[in-house]
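Enquirer: Chains as they are written, first to last, in the working numbering: chain A, 7 to 355; chain B, 7 to 355; chain C, 7 to 355; chain D, 7 to 355.
Honestly, the hints are just simulated from the structure, not real lab data. You may find that some hints are simply not true.
[Said to hold, decoys possible] Stretches of chain B that chain A covers, calculated by requiring three or more beta carbons in the stretch to come under 8 Å of a beta carbon on chain A:
#1 25–36
#2 78–85
#3 165–179
#4 212–219
#5 333–342
[Claimed, not checked] Here are some chain C residues pointing at chain D (derived, C-beta under 10 Å):
#6 Q147
#7 T151
#8 Q152
#9 G216
For glycine and all other residues, C-beta sits at the position ideal for the given N, C-alpha and C.
Protein chains: 4
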Amino acid sequence: MLILLKSDSSAAERDRVVRQIESAGLGCQTIVSGHRAAVLVLEAEGRLDPARLHALPAVEDIVHLSKPYRMVAREWRPEPTIVRLPGGLTIGGADILVIAGPCSVESEKQILSAARSVRRAGGAALRAGAFKPRTSPYAFQGLGTQGLELLSLAREETGLLIVTEAMDEAGLDEVAPVADIVQIGARNMQNFTLLKAAGRSGKPVLLKRGPAASLTDLLLSAEYVLTEGNPNVILCERGVRGFDGAARNLFDLNAIPAVKSLSHLPIIADPSHGTGRRAMVPPMARAALAAGADGLLIEVHPRPDEALSDGAQSLYPEQFELLMEELRGIAGAIGRRIAAPRAAAGVIA
Amino acid sequence: MLILLKSDSSAAERDRVVRQIESAGLGCQTIVSGHRAAVLVLEAEGRLDPARLHALPAVEDIVHLSKPYRMVAREWRPEPTIVRLPGGLTIGGADILVIAGPCSVESEKQILSAARSVRRAGGAALRAGAFKPRTSPYAFQGLGTQGLELLSLAREETGLLIVTEAMDEAGLDEVAPVADIVQIGARNMQNFTLLKAAGRSGKPVLLKRGPAASLTDLLLSAEYVLTEGNPNVILCERGVRGFDGAARNLFDLNAIPAVKSLSHLPIIADPSHGTGRRAMVPPMARAALAAGADGLLIEVHPRPDEALSDGAQSLYPEQFELLMEELRGIAGAIGRRIAAPRAAAGVIA
Amino acid sequence: MLILLKSDSSAAERDRVVRQIESAGLGCQTIVSGHRAAVLVLEAEGRLDPARLHALPAVEDIVHLSKPYRMVAREWRPEPTIVRLPGGLTIGGADILVIAGPCSVESEKQILSAARSVRRAGGAALRAGAFKPRTSPYAFQGLGTQGLELLSLAREETGLLIVTEAMDEAGLDEVAPVADIVQIGARNMQNFTLLKAAGRSGKPVLLKRGPAASLTDLLLSAEYVLTEGNPNVILCERGVRGFDGAARNLFDLNAIPAVKSLSHLPIIADPSHGTGRRAMVPPMARAALAAGADGLLIEVHPRPDEALSDGAQSLYPEQFELLMEELRGIAGAIGRRIAAPRAAAGVIA
Amino acid sequence: MLILLKSDSSAAERDRVVRQIESAGLGCQTIVSGHRAAVLVLEAEGRLDPARLHALPAVEDIVHLSKPYRMVAREWRPEPTIVRLPGGLTIGGADILVIAGPCSVESEKQILSAARSVRRAGGAALRAGAFKPRTSPYAFQGLGTQGLELLSLAREETGLLIVTEAMDEAGLDEVAPVADIVQIGARNMQNFTLLKAAGRSGKPVLLKRGPAASLTDLLLSAEYVLTEGNPNVILCERGVRGFDGAARNLFDLNAIPAVKSLSHLPIIADPSHGTGRRAMVPPMARAALAAGADGLLIEVHPRPDEALSDGAQSLYPEQFELLMEELRGIAGAIGRRIAAPRAAAGVIA
């Protein structure tokens, strides 16, 4: 930690900075560059609360020489985390995990039809919401428990892994036994109560980046899960708040290589929410893969114009099949491959 | 609702739009302007899910002629909501409610000292957190239940109203009996489980705007509370995510007059989080008041450089006293006044 | 154009809206949906100034049914513009144009070495600045006229096309005779004097998106060039202002498919400015290509650590060669190909 | 300057950093904090190009201990700059300069009527554009030279100072002899050719912040003017690009106290562009004043609904008069006062 001092601070004010560091049992050194001065904390800065230093009159700014997160940092664990999933599937290695499905579970017919389309095109996991966080109280809020039962049914028939969202602790208790991967949505990225509960559940967690979250914020939220003893976190870029109406969000693919350099955790991308427009999903799915994403989350609906949510950004099953072809080509060009779905029999057996 | 059609859509595709509207039992009219066409839905659009229309191939965009929220809309209730608080205090009328205090309850000595400073300077409510949502799992997370007890003690001594945050449903059950106003923090603005629980609690709710929330998002979150039967919602602008390092957030004071025109709910401003820098708090508190805020939320700490959180943006008690003087001057210049705190005896009696 | 009326506007106020439209010689129709009303302008809205309508007391908002630009709109010209360049090269068709080189021309040795590296790896155009717009007056401002001479020399030796920036009208008079493509930088995207002059020059123009420009703003700036009689405009996404420090800009690849649907003009991407970090350039160059970009602008420097500008985001020549290999693979996977550079002899002959 | 080293960099790579600093004739010191290392440059960092250091493989990040600007920095000149204007008016001291008028000069009748309204309400300067930078080539582009003549006429009659925009060097040659203050618009904030020319002109310059400009960017642009020998720069906050449709821009009033702490230059605010909506202009004008602005730029039009540009954000003359009353009250409450206009006779004499 380097504490930049105000150029007009007095000697007494600067002394208070040094004393505060020393009172925490740490050493420090005052350094001077031109007419500016700074205090360098010599040892592990974790023992020092920057908020307290920031409040001192002499302090202009604080530069952290270490990252504020630890367990998720590549600095502390250089090799990538490979999250192991049922059926021998993994995420974080050479294989690309394609997760697809409708925004919400709507009916048995709809979810089975969607699951078959995903399976046929070569997707490995089915994603659909039973509990739906919706901006408006008047929007469809999901089928709840019944939706979870339908997801189990779809898994039995197709062998696809199930990815579905938990909105709160009570919901997590219902979702965790059914889901192969529990999703924590963008709006809940800093719902720390839910993050800790997901950590305790031990289930693989798909953690979506919030629309105003810096990568540091995202990684600190993942750290909440890891500190509860659960290392199986998959990050997800899904677009941040932008200013251009041509897309629903500003899809920040820079986050993919940036997170790869900062953390050992896998990261996937969601071009459906990242764009919000069906016609933009295939090019941006290709782009995310080319940028190095470990997987993709794509909305597909058997009949998008009858979808109860997110129809405008859901692909038709035929579009998804074409896209999967293209994705296989791009994966090959960068030395990766799309993970094949496990056999359906594997589930029942 | 006006549905803009793609200029290259076919007659059959356009027909599907009309049929979908009619199948919901609504009338519509196709209108043409130059070479563009659109379909106008003639009746209450609430019965029609825009997501389903958006998914149709002919649809380019949808323009809502009504707001997506109802109970919070000024359109539906022109007169301002005045939230009634204990001791005859109100918010939403001519009086300005000044809420002040440290970020967190840290100890009996600290909170009592803070409360006395706030009372002395003329603040009417004490705000401090017992349960603290923190970006990092390594930061101070609050005293919890013990913090609530200390807040009760501070109220008994000073008569100040208590404003404190609930992070989840379980916490709300603890907080609601103690708090005069329950705060829902920016990170939980779209924690719909918590919003509904706060609605059921019946307590006045202070709802802070999330860092990427549009005003429509904020008002829809308030709508969640109102639909549960609780009309006592106070909105709060506290800064959105910005790109300039000179301040912690981009303090969006435009939100004050904009919300006033869209909604009948009171709105206050939090210049401490809106700026993140102590020296910027007094000018921006003055600005928020001049922009029409119904109240202010200001961090004050007896010894900011010993604060366990947010010390850099907390005022010294003397600064707060000076600021209150200035605020009284500005309130007078725009025909309002700072609400006086209730007598301490009122509580004990 | 649809003019939404305020729900509390009077009949007289609404009449003024109708009269203003009729006084411009246009027809209109008042339409009603639920409790909201609107006025629809029936003919070409180009003859009506929205600013004047917006100022009327009854007007709440205006929805444009047509785009504000015309000549650049795909709506008016469905087939893509293919810009023809010297040596039979094109941009906007199946071929991908890779433009590469150092940020600035620094010396004969440097620019020739850079040009040879670009040529060897298979790039088709050399980009380097002679006139440099720099945020700080103390930063290197370019070699000026001498830089242009060195670019001519590099073209003679390698056959590469030359792309270089003009900062103002006077500079354009110097740059246009030398450049094969004239660049207008992000900071000058709304320098309308320069845009008009570039339109009059008739040279192909590479127009970079400004850091806060919506796609509508970008297309309107292109429209300035086209209205002067120059149809040869190439758009460029180079990142918008973001809030995360992990990259220099927020690289908005959504702009690629979005612009393709709105306009017939070609669009390329600049992953060097889009990321600002060398290690992020190769993955994001791949991503831009996969998203459908018609070309790439990549900073390469023979010795990045001696660069006078942008060294941190410049690739080493060996990295650029590896990247070109990957780009050829991705182009193949999506049915496109990297344009081969023309023969050097073609220039001299 | 502090150069943070990558934790996985080799000793040889770190050596290159030290050698590059020493080869510039500067001393440095390697410092270690926990497991992180950094190199501190001991002397004036102005002699070292950070771009070159940034490009070295060992360098993770660079922290500047000094600001990149000098002449505009409060650090170098603690007392505020007071710009002296004709008629004994000033900006930057206790007086608040209110500049008002229509967006564009449209006709003799319009500008004289506007000027009289401004004068009557107590404004000290008239602002209107003769040369108008417009996003669309189809929008009204101003009366040009004739507009300047009408502004002179308005000054003769009312004594108001004239503020008007120059879009390019040629325009500056026309504008400078007429204007009392030359405006450089937001879109031209980084038009360095224009900034240098404005510096050479010696006229007071009103420099508006660009919609994506950090405060550092703004101050560096001002530095361009000062380095040409012109110290008379007035900065202006007018809103940055936001994501909420309720206002045209995100009006960043935090910029007012932040600039005051970073620079000695005066700063004013433009609530008309900062909000884009007439009803929001008065509250936000009050807010800007309360935040510490040295002046205000307010659009007023004799008949806003006939304005050729910006009608929706222009006040009616009666509204402006009421607002001036409120502003006088707020100025008084914070120990400042609204500057009175000079006598008209002063001009003619």
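Enquirer: Are the hints correct? Go through all of them and say.
Expert: Tested hints:
1. 25–36: violated (count 1)
2. 78–85: Answer violated; 0 residues pass the 8 Å Cβ test.
3. 165–179: With 5 residues closer than 8 Å to chain A, the stretch 165–179 of chain B meets the three-residue bar; holds.
4. 212–219: holds (count 3)
5. 333–342: The restraint on the stretch 333–342 of chain B is violated, since only 0 of its residues have a Cβ under 8 Å from chain A and three are required.
6. Q147: holds, 8 Å
7. T151: Hint violated; T151(C) Cβ to chain D Cβ min 15 Å, cut 10 Å.
8. Q152: Hint violated; Q152(C) Cβ to chain D Cβ min 19 Å, cut 10 Å.
9. G216: Interface hint status for G216(C): holds (7 Å vs cutoff 10 Å).
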